[in-house]
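**Student:** The residues making up each chain are set out below.
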Amino acid sequence: MLHLITTRLLGAIPVLLLVTLAIFGLLRLAPGDAADLLLPEDATEEQMADMREAWGLDRPIWVQYGQFLTNLARFDLGESYRYRAPVFDLIGERLPATLELSFYALLLAVVVAIPLGVLAALNKGKTIDAAVSVVAVSGVSAPSFWVGILLVLFFSGYLHLFPSSGQLPYGVTVPDITGFVTLDALLSASWDALFQAFRYLALPALTLALAMIGIISRITRASVIDAGQEEHVFTAVAKGMSRRSIVRRHLLPNAAIPVVTIIGLELGALISGSIIVEVVFSWPGIGTLLFQAISVRDMPLTTGIVATYTLLFIVLNLLIDIFYVFIDPRLRGSKA
Amino acid sequence: MKFDLLNLKFLLGALLLGFVLFLALFGAWLTPFDPNRQDLMASLLPPLTEGHILGTDHLGRDIFARMISGAKVSLAIAASVVLISGVVGVLVGALSGYLRGTPDLVTQKIVESFWAFPPILLAIAILAFFGQSLTNVILALTIQRWIPYSRITRAQAMVLRSLAYVEASKVMGGGLAWIMRHHILPNLMASAIIVATFSMATAILAEASLSFLGLGVPPQIATWGGMLAEGRSYITRAWWIAVIPGLGIFITVLALNLLGDWLRDQFDPKKNLNLT
Amino acid sequence: MTLPTRSILAGLMSAAAVIGASFPAAAQDEKLLMVTSTFPMTSPTPYAESNAQMYSVWCQTYGCLGRYNYAAKEYQGILVDSWEIVDPNTWRFHLREDLVRHDGGPGPTTADVLHSYDRVLNDPASIQKNIFSEVETIRAIDDHTFEIVTKEPLASLLSYIFDRFIITSAELAEANEKPDEDAAFGWGPYKLKSYQLDQEIALEKNDAFPGISDSAPDTVVYRQIREAEQRVTALLNGEVQIARLIPPQLVSRLEGNESLDIVESASIEPMFLAFNPKFEPWTDVRVRQAAAHAINKDLIIDRFLMGLADRMDGPLGEQQICYTGPLDYVIDYDPEESRRLLAEAGYADGGPKVEFMTASGRYISDRQVSEIVTQMMNEVGFEVDLQVPEYANLTAAMRAGELPMYYLGRGLFLDPSEPLSQYLETDVTQRIGYSSPELDALLAKERQTLDPEERCKVVREAAELISEEVPMFFMWSHRLVHGVRKGITWDASADGEIWLSDVSM
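Residue numbers (my numbering), protein chains in the order written: chain A, 1 to 336; chain B, 1001 to 1276; chain C, 2001 to 2505.
For the record, the hints were derived by calculation from the structure and aren't laboratory data.
For glycine and all other residues, C-beta sits at the position ideal for the given N, C-alpha and C.
Watch out, some of these pointers could steer you wrong.
Stated by the list, open to error - Computed spacing ranges between beta-carbons, pair by pair:
| hint | chain 1 | residue 1 | chain 2 | residue 2 | range |
| --- | --- | --- | --- | --- | --- |
| 1 | B | Arg1181 | A | Gly11 | 25 to 35 Å |
| 2 | B | Arg1181 | C | Arg2362 | 47 to 57 Å |
| 3 | C | Glu2402 | A | Glu53 | 32 to 42 Å |
| 4 | B | Thr1236 | C | Ser2215 | 55 to 65 Å |
| 5 | C | Gly2256 | B | Met1189 | 56 to 66 Å |
| 6 | C | Ser2133 | A | Leu187 | 48 to 58 Å |
| 7 | C | Arg2362 | B | His1182 | 51 to 61 Å |
| 8 | A | Val260 | C | Glu2264 | 24 to 34 Å |
| 9 | B | Thr1236 | A | Leu187 | 36 to 46 Å |
| 10 | C | Glu2264 | A | Arg74 | 52 to 62 Å |
| 11 | A | Arg74 | B | Thr1236 | 50 to 60 Å |
| 12 | A | Gly66 | C | Ala2072 | 52 to 62 Å |
Input sequences plus hints: build the corresponding full structure.
**Tutor:** Below, the structure is given as structure tokens:
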């Protein structure tokens, strides 16, 4: 186990380096730099030259990358050109919002998709199965931003049930204990804030969940069907066990592995794919931050966020592998 | 290999996809309007007005004509993306899995790095650096899509490598390319086709997302994603501008997903779950 | 595995009741005004941003020299109460003596002015240095009088600094390591209450400000909502009371709604087409004029922009300083004239091929307008290749002088002096690559003519020249449309910003 963890984390380093080098290179080579974009319309050429000098943008690219690496070694991600605050702090402020949204989206998806998948598997070939299939496939067939816009228009614009954007209404605050709004509200027993937080989470989480429901329910269905082929299931049926018990004791545990895998993969895709949803809903996460950083060529911030995504992804895969090892002792000590 | 053609998934999927393909290929003869011709005096007309079957958009362009032209472009982009990423992915994966050792290790690291990028970021970077054009959109969409193919084929290649007949071929002097062609690739076709079908679906969705972010193809080329993005602001005044392309995307992607599902079912032995 | 249906329904209904009742409502006696914002909010340091909204916010909190009152069409002091021109290069300002700092401290003094001048020029976070680009120095005369000395006589000095020179306290800067965060006290009619990066800024009324109205809002929150549809939805939901900058195609969502008013104003951001004479075919003035004649501005304004733009002919619109009525030389929609000019220029058998670049989403319907312009030009014989680079690339290329033709807007165009110089004066920038000794002379002269009437005559001459030479073809300035909840009175001004003490609730 320890071996697994260390190899993985060490293996992450070259990946991080490659990724940051690529982003660095792309940003530097793209026309336009931060000085063009952050200074006002009537800035003089002299001002822009000064700014470039201050940020080191006029030095050759390998010098800049070298500087970046040296800073990275000291865990210094640099300062954002736009916000003039340490990148590390900015990411730290916004990351919880993205993670929180992803978590609830996933939770929603799992809670809906797994029962649906089981239902479809148990009724394979019948109308219910087809109906679930249709729902599942529809979920992955519509563009997420489109779904988001429609949801806002309907639930917010016409029904006035949910707000259209943001994380909390004005005047409602939660103490910053963990950075996760719902958790902090819970911990500080601010029930009104907790309620509001969920209201604001509802539409963006639903938008993200819809695509996942499709995938997860399909995999659940497929793996429950697979699990149903096992010997012990036939035995259980022969012994006259109730359907419910069979599902619970024989099917689900064995179907778990592929399902958990897909959930893990989805979470990875989710975290990075939530950029658009964050933009549509003005959700204060790192997705919106990244998008803005790219538009103004804020190199430190962009590189920092991309590195964060990469690291998250690696850690996520690692957690899934650890989970595998727990679930199936046969896998311990074997190579992936 | 017997294919079950009376299956609902196949029928529905083939029907929908066939319909879309028909429109894309022959639709231009069904309408007198030029998809790029603006007519401000005839803007925002609802469907079935003045000869415009699906209405006009904010610049007075006929939507049906644009849907047809958009179908061509969206399908062409998706097909190109899938083809290129498939070829690249299969080759890379097969070579990597077959050769093992250092080439494999290096390739895997590169794969991981590509995969770790948030897809949008890479697309934005490419379109920003190389400029916006049809080719660059395809490039931006392809750049990560080859990876799933390489994963499957690598796994297969590693297994196949050690099989007897492959060993035999090596002894008989078969070159790498020959082995690829005759042993490794044929066994991968099934998985590759399934991945391709789903990949096409996601490519269409991805192109729509890029257009939404303002990074799609240049304005002269109509795509469904672009139409959807433009129609967004008019949703209360002229819902058809956005709903119709959205529907187009939905139907096409749905068809592809159904067909992909069906294909997957065909390649697995049939199972019946009987708990009564 | 099924729940009783009745309890689900009951749960849903009570949830709906609670949800419906919980939109933020202001307390009975406190007037809370929620406003939408689209500008970046990246730092509580008042010198770190340079956009209309933040200048407006800081002017109302810390205070600046004064503001331009668009209704009265004159500059009005906030921290200064009078000013005069002492000699062609020297302007003298008198600070008000009746103000008290938000924390009870003394009113603004010259020491604060000098400290702020230093901060603008030398604070590492400052991007406002350009406001002093024509200023030689600032010197103190006494505690409440100071002089600004310009490098050369400059008629438009006020447009550079008046509503942009934010005065912060020298005393507080000395006593605090981070005065902008821990001691954000100024002298303006509003106090800064809280600043959340890129989310919201909250302001509180300064009841001690002389003459502040009772009906002005007590608390004001600028809430960041970048997407236009979200702004409208937020307004309809009651989440905000003023939704600013509604694009023309969304205005219909507000119409017919009994609880809302639609408030409109002109703007000072002219939209224009630029033809760079350094590139063929734009070297020939006839080709430029031909392109201009091909464009039916009225059709675009009526049918596409839904009437929400004020047509411009030449660089000055009614809102701008030195507007003296319509120009004599006007380029009207005349496709026949276009074809004739193109034929004369040698393109009788098929027009010039041109590259046309524009942004997408940076200005109202910029891309769509460009598509319309493309077709209009194609109709008279041009072959236009429209490209939509990412905004960052577009700006970089524009500034480097690499764009043959583009469609853009220019904000902060209240006084034409600086923008016209920036775009059209030889060697100031490379943006349009146009060079005319005659125009250069006119621009230099108007800059230095301190008498307003005389100056405006010279400006008019320059405008006529630009109109005829047409390196920049001015199209219109968009009308700004805002949605305002009934019960709130706000006369929108051309900069789109809200002077809070003029709002009544």
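**Student:** Check each numbered hint against the structure and report the violated ones by number, ascending.
**Tutor:** 3, 4 and 8
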